[in-house]
Structure formats: structure tokens, C-alpha cells
Amino acid sequence: MSGLRERRRLKAMRAVQERALDLFDEKGFAAVTVEEIAAAAEVSPSSVYRYFGTKEGIVVADEFGRMIPEALEDFLVPGDPVGGLLRAVRACGSAPEGASGSGDAGEGHQTRSPWRRARYLFAEPSVRVAVCADLDHAGRRIAPLIAAAGGLTGTQARVTANALVFGCFAALEQCYLDGGGRPVADYVEEGMRPLRGIWPSSDR
579 MSGLRERRRL KAMRAVQERA LDLFDEKGFA AVTVEEIAAA AEVSPSSVYR
629 YFGTKEGIVV ADEFGRMIPE ALEDFLVPGD PVGGLLRAVR ACGSAPEGAS
679 GSGDAGEGHQ TRSPWRRARY LFAEPSVRVA VCADLDHAGR RIAPLIAAAG
729 GLTGTQARVT ANALVFGCFA ALEQCYLDGG GRPVADYVEE GMRPLRGIWP
779 SSDR
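Per our numbering, residue 579 is the first one in the sequence shown, and the count goes up by one each step.
Nothing false has been slipped in among the hints.
Here are the simulated EDC-like cross-link-like pairs (lysine to aspartate or glutamate), alpha carbons at most 20 angstroms apart as the crow flies:
hint : residue 1 : residue 2
1    : K633      : E614
2    : K633      : E596
3    : K589      : E620
4    : K633      : D603
5    : K633      : E702
6    : K633      : D600
7    : K605      : E620
8    : K633      : E604
9    : K605      : E702
10   : K633      : E620
11   : K633      : D712
12   : K633      : E613
13   : K589      : D600
14   : K589      : D640
Hints were generated in silico from the structure; no laboratory data involved.
Taking the hints into account, I'd like the entire structure generated from these sequences.
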């Protein structure tokens, strides 16, 4: 039953997110209320808050955001967090079709594509603040694992962890701004190249 409940919860969250994006695209992010989103999704406002916490959380919530710390935890044992991050990003596939760095969401955007959210992630100030808060949390979670892997002090591990998580976000943003014609992993690999020398790697 727990698996069924989780699938239902995720389905409900996706429905709320899609209806919210419809409203954001139509009216602008700042003009839309949680109550309007709840009505459009046919759920209660309390359900929206329970699922996402804030209006910004509706945009921020996705599998990719959870993937970064989980991927690094999985691959820290070999002492190659950059390689682990790259493998996880590659597993998510190439940039979705129809990505656009400057146009409005519309026919060129896939309904359930993460790129539909991208312009809010990168251009809406309050959403960007929420993203940065999540990334900071991920960095704090990862830093002790990097330090435990050996070779770095606590301060070095914290700086390195932030370079990884915020660097991944910067690579995603550059991919979006360039129109999404190349896989996100290409941008992550290029951007992370200066960090690869910190650890030995078999995936270069």
C-alpha cells in the first residue's frame, strides 16, 4: 500500500505542478496565488502547502534536485564525486526537445518537460532563492561525506561540495540559455573539468 500511496502522491503533485505552470505562463508567477493553483488542480490549498511548502516549491520540486545529493552519496566511496554526478546526469538522458532559453512556454515546450519550469528557476528571483537554499542544503549534506572520503579538510570539503552542487546548477542554466541543443551532461562535464584533478577517476 505504501508504494501505491506514493505513486498517487507523485501523480497528484505532478497535476498540481502542471496546473500551476499553466497559470504562471498565463498570468505571471507573482500574480498567481496558491488558492488559484489549488482550485485549478481541484485540491485544497492545504494539500498544495503539504506537497510543496511554498509557491516557489511548486517550481523547484523535481527528481533532478533530489538526484544530486543521492548520486554523490552513491559514488563518494570510490572517491570520485564528479564522476558520480556525471553518471547520474547522463542517466537522466539528454536535454528535452523543444527547450528554449529565451522564448515563452508554448508549443515548443513539452508539457511535462523540466524546461517548462526552467525560465522560472533561472529568472524568477524568489524561485531562484528557493533553488539556492535547496542547493545549500545539499552541499551541507554532502560535505561530511567528502571529508570522510579522505584527503580534504572540513573547510575544503564544504567548498568542494558547494562547487559541485552549485556548479551543476550553473551548467544546467547554461544549457537552458543555449537552447538545450546539447545534453546537460556535456555542460556538466565541461564545467566540472577543473575539479576532476582533486580525485583520481576512471571515467574521464
